[in-house]
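Chemist: Generate the whole structure from the sequences, applying the supplied hints.
Listed in order, the protein sequences are those of chains A and B.
Just add 48 to the spot in the first sequence (first one is 1) and you have my numbering.
Take the second sequence: its letter number 178 is residue 160 in my numbering, and every next letter is one higher.
Calculated directly from the structure, the hints in this document are not laboratory data.
Everything numeric in this text was worked out from a predicted model, so none of it was measured.
Don't take each hint at face value.
Unchecked claim - Among chain B residues calculated to face chain A with C-beta under 8 Å, some are:
| no. | residue |
| --- | --- |
| 1 | ARG63 |
| 2 | VAL72 |
| 3 | GLY75 |
| 4 | HIS92 |
| 5 | LEU95 |
| 6 | ILE207 |
| 7 | LEU236 |
| 8 | MET247 |
| 9 | LEU253 |
| 10 | MET270 |
To be verified - Label pairs and their calculated CB-CB ranges:
| no. | chain 1 | residue 1 | chain 2 | residue 2 | range |
| --- | --- | --- | --- | --- | --- |
| 11 | B | ILE223 | A | GLU309 | 33 to 41 Å |
| 12 | A | TYR166 | B | GLY96 | 17 to 25 Å |
| 13 | B | LYS260 | A | GLY128 | 13 to 21 Å |
| 14 | A | TYR166 | B | LYS88 | 21 to 29 Å |
| 15 | B | GLU148 | A | MET107 | 53 to 61 Å |
The beta-carbon is built from N, C-alpha and C at its ideal position, and this holds for glycine as well.
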Amino acid sequence: MLLHLLLNTLIVGAGYGLMAMAFRLMYSVSPFFNMTLGAVAALGAYASYGLISLCGLPMWFGVIGAIAICALFSYFLEAGIYTPMRNHGASSMVLMVASLGVYTIFESVILLVFGPQYQNLGSIHSAVTVHLGFASIPLVQALTIVAFFVCFGFLNYLLHHTFIGLKIRAVNDSASLANTIGMKNNQIILLVSVLTGIVLGVDGVLIGYDTGMTPTMGFNLLFKGMIGAIIGGLANLRGAFFGALFLALAENIGVLIFASEWRDLIAFVIFITFLSLRPQGIFQKKGN
Amino acid sequence: MEYLINLAILFGIYSMLALSLNMLIGMGGLVSLAQAAFYGIGAYATAIGMTSLGFGFFTTIILGIIINAVIAFVVGKILARFQGDYYAIVSAGLSIIVFSILQNWKSVTHGPLGIFGIGKPEIGSYAFYSNTAFLGLVAVFTVALYVLYQWINKSSFGRVLKALREDEKLTQSMGYKTKHYKSVIFVLSAALSGIAGAFFASYIAFIDPSSFQLKEGIFLFTIIIVGGLSSALGSIVGALILISLPEVLRFIGLPYETAAQLQQMIYGAMLLLMMIFKPQGLFGKYRM
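Modeler: This is the structure:
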């Protein structure tokens, strides 16, 4: 029972966690609530559906293609919309509302192209299972957990052990100072947007294979990832990693006590409770 | 003619919503995406009050105002801790919580099935059965709200609100308890949008939770962004533009589904373009 709870937490948390890490990574260099991150993840699911199920491309080609499309989309949103707006002095609120507009446009385009119904990628692939001794899970869920740990390890390495990572952290610490000493902030933000797009693409494809897709999936995933990142504390990547797991655990316990239809309510109650009582998150010291 | 009266009633209801939201966002600078929640609570107070409890329409308006005021008072205490985009995100979370309760508290709200057979307003023995009479009643309330908006706008209370919108710390240093002001305008705005909910429930005679999602809150936000922040005229013009848009699309003769998506797309594009070129809106006096 306990093991199953923890396993399920890991599966759900991994899906949230990839989004949480992407959110935290993007927020660190471009601090506003970017609603289009949800669109990028949803695009990952729909692009792989389009390439594999509609165009009949081989699975791995379709998956890699979808992730590349997400990276490009994320790059163009940043380069085409947010960077010019930021250069004209748009506040974080204005950027957030603009991203809400872009998200609305994206969702209606998906609805026009793919229709409002639920689509599924994974009916064949979910038959392959991985045995863990006490339970067996579909391969795609095992891959989600692996992707979660690999992305965490990779991003941590990149941020803390490479020169590029140092630059990203410098923009995070003080964008204006980094600019003053001659760093090209916009280039770094664009680079991070590509990285974010890749992580979101992986998340979107995996969720498309695991639970299927609806045009509104992006918003829901975005909120869960954002809550994970914020309750973990936006100071570092570890916060997003553990925050997402904590959110998944709390949701799962809540679902056991109440019922599954209260899942979203539980998530937002936790979010608001955390923001009210410990706004700096789990891992950040007060006044930091 | 009947068609125009129907449109005018909707225009009146949305003008009330836009005016009450503009008090909060425009005057107070508090960007709330939760307005649809209070609109919904007002509608449900009328629906439940008139069908199960046998109250008259005007009694349920007062009931809705009281319920909304109590909820908004508690919620407002939580929200008053936040500023700017955090305020917006937390309010979005509150909207999702209220939607989840309307959807899942089936013994009271009937969940997704909704509530049928909501009656029309009555004064003495006169019932507002015809749409023309109903429009008259809506018009009276809309004009009253417009006058109230202008009155608050010119009052000392309104001036303090606008001061705290521009610089909260400075206003605090002049001795104003800004948390108190933020809380009062939140309660007032929530209570007033409940009136619009009552008219909506009575006019449509059937309500379900899907009319009061976060999406609706974003739509209301779009109305005042387009019309103009901190402007009573802007609220009305914004409501007129956004309520007429679907009719224009239908007039062109697009199929229903395509028109619905195109409409969403245009709403999104409006938000984005306003943020890029005119973040204060057409008649706005305040820039986010």
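Chemist: Does each hint fit the structure? Answer for all of them.
Modeler: Here's how the hints hold up against the structure:
1. ARG63: 6 Å, holds
2. VAL72: At 6 Å from the nearest chain A Cβ, VAL72(B) passes the 8 Å test, so the hint holds.
3. GLY75: With Cβ-Cβ at 4 Å, under 8 Å, it holds.
4. HIS92: 14 Å, violated
5. LEU95: Result: violated, 14 Å to nearest chain A Cβ.
6. ILE207: 7 Å, holds
7. LEU236: Since chain A brings no Cβ nearer than about 11 Å to LEU236(B), farther than 8 Å, the hint is violated.
8. MET247: The hint holds - MET247(B) has a Cβ within 8 Å of chain A, the shortest such distance being about 4 Å.
9. LEU253: This hint holds: LEU253(B) lies near chain A, its Cβ roughly 3 Å from the closest one there, short of 8 Å.
10. MET270: MET270(B) check passes; min Cβ-Cβ to chain A is 5 Å, inside 8 Å.
11. ILE223(B) x GLU309(A): 33 to 41 Å: Holds - the Cβ-Cβ distance for ILE223(B) and GLU309(A), about 37 Å, lies within 33 to 41 Å.
12. TYR166(A) x GLY96(B): 17 to 25 Å: 22 Å, holds
13. LYS260(B) x GLY128(A): 13 to 21 Å: 19 Å, holds
14. TYR166(A) x LYS88(B): 21 to 29 Å: 23 Å, holds
15. GLU148(B) x MET107(A): 53 to 61 Å: Since the Cβ atoms of GLU148(B) and MET107(A) sit about 56 Å apart, the hinted range of 53 to 61 Å holds.
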